[in-house]
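S.K.: Chain residues, written in single-letter form:
Number of protein chains: 2
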Amino acid sequence: MKVPRPVIKRMPVYYRCLERLKNEGVKYVSSQKLARRLHLKDSQIRKDLSHFGKFGKRGVGYEVESLLNDITKILGLHKQWKVIVVGAGNIGKAIARFRALEKNNFKVVAVFDTDKRKIGTELLPGLKILDIANLRDFVSRERADLAILAVPASSAQAVANDLQKAGIRGILCFAPVTLSCAIPVEYVDITAFLKTLAYSVLTEKYNM
Amino acid sequence: MKVPRPVIKRMPVYYRCLERLKNEGVKYVSSQKLARRLHLKDSQIRKDLSHFGKFGKRGVGYEVESLLNDITKILGLHKQWKVIVVGAGNIGKAIARFRALEKNNFKVVAVFDTDKRKIGTELLPGLKILDIANLRDFVSRERADLAILAVPASSAQAVANDLQKAGIRGILCFAPVTLSCAIPVEYVDITAFLKTLAYSVLTEKYNM
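Residue numbers (our numbering), protein chains in the order written: chain A, 47 to 254; chain B, 47 to 254.
Check the hints yourself; a few may be wrong.
Stated by the list, open to error - Subject to a maximum C-alpha distance of 25 angstroms in a straight line, what follows is the list of computed SDA-like cross-link-like pairs (lysine to any residue): (1) B:Lys55 <-> B:Arg66; (2) B:Lys164 <-> A:Glu168; (3) A:Lys93 <-> B:Ser246.
No lab work stands behind these hints: they were computed from the structure.
Just chain A, with the same shape it has in the complex (with noise of 0.2 angstroms):
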């Protein structure tokens, strides 16, 4: 049966929830707790958990550690993310340098572009961004597992189009597109986000 994919979007804040618990200290946490720190109903995240098995006790609730294992397993956590990065601009670079990746088992091994002028220069020690010519090769020769797009709109699906080839299993894509995929693509589209907000914004403010 498919989860649905308002659940499993709900599942990495309920993996971050629960490591942080696990950095306090906290070894039970009910769904009521969890439920206020995340502004969710309790049942809600009942019913989420419930499609991946069985989860707590009545009465004591979620052991934190044990849950945060589970979850780990279940988004596939437990191993490390072979991550490649198309586009060295701004945000492509900004990524790159993220260390909240790597913290998460995603290690960006590699940073490719089509300038000259950048090709070559270090993002980070042992981080070279790389020609977008030898893109396939090394994915092939790697086994590089996703791909962020950071390129332009204009030419992400030729990008895609290559990463597949490559044998990429899946994309995450900054470039404000629809790409056309036959594997995973998740968008984030940064203007998006701004619209919906500014949309919230004034509907707020009428319902006031």
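Add chain B to chain A, keeping to what the hints say.
M.R.: Relative to chain A, chain B alone:
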């Protein structure tokens, strides 16, 4: 009647697609053609738009420019939004320099940080990093509308509280936290997107 959140999230996608069609010189588009471009169902698109009024003509479709103008007004993009960025780390700086924001009528008017070595440096001509101590004064004086929060998770709630007191109307949060706020908040947790992507890759594989 409140418009469902998934509908609101799709409106910027329609906007983006119509803008592209307009640039391509297309005058009319059917819901079927939009649906093919966006990998959605045409009935979904018609239902989504029906939340905001009556658009399009049977047999003719939507007039691209007219629908684009209508969505522009629905999302409140016919006026410029003043945006501040809080946190001048990798992500904050990349967003402050991101030209797509201004093109979409989101004008970054200031960037704030606590780091004395960063304060006073210029990110773009006319866009300096300011001392976070001046955040509240600046927001009230300049009537900034929205804040992009790119600070560490540990300080995100405190900054969000300051922003609310200063009169900010909405927050786009890049910190991996759930904020307690009385104003609208949108979240962009990049590692959460990668986790959702990882899950999709694993389950697509199982489905094969």
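S.K.: Would you mind marking each hint as holding or not holding in the structure?
M.R.: Hint-by-hint comparison with the structure:
1. B:Lys55 <-> B:Arg66: Since the Cα atoms of Lys55 of chain B and Arg66 of chain B sit roughly 18 angstroms apart, the hinted pair holds (cutoff 25 angstroms).
2. B:Lys164 <-> A:Glu168: The hint holds at about 22 angstroms.
3. A:Lys93 <-> B:Ser246: 20 angstroms, holds
Checked against the numbered hints given earlier, this structure breaks none of them.
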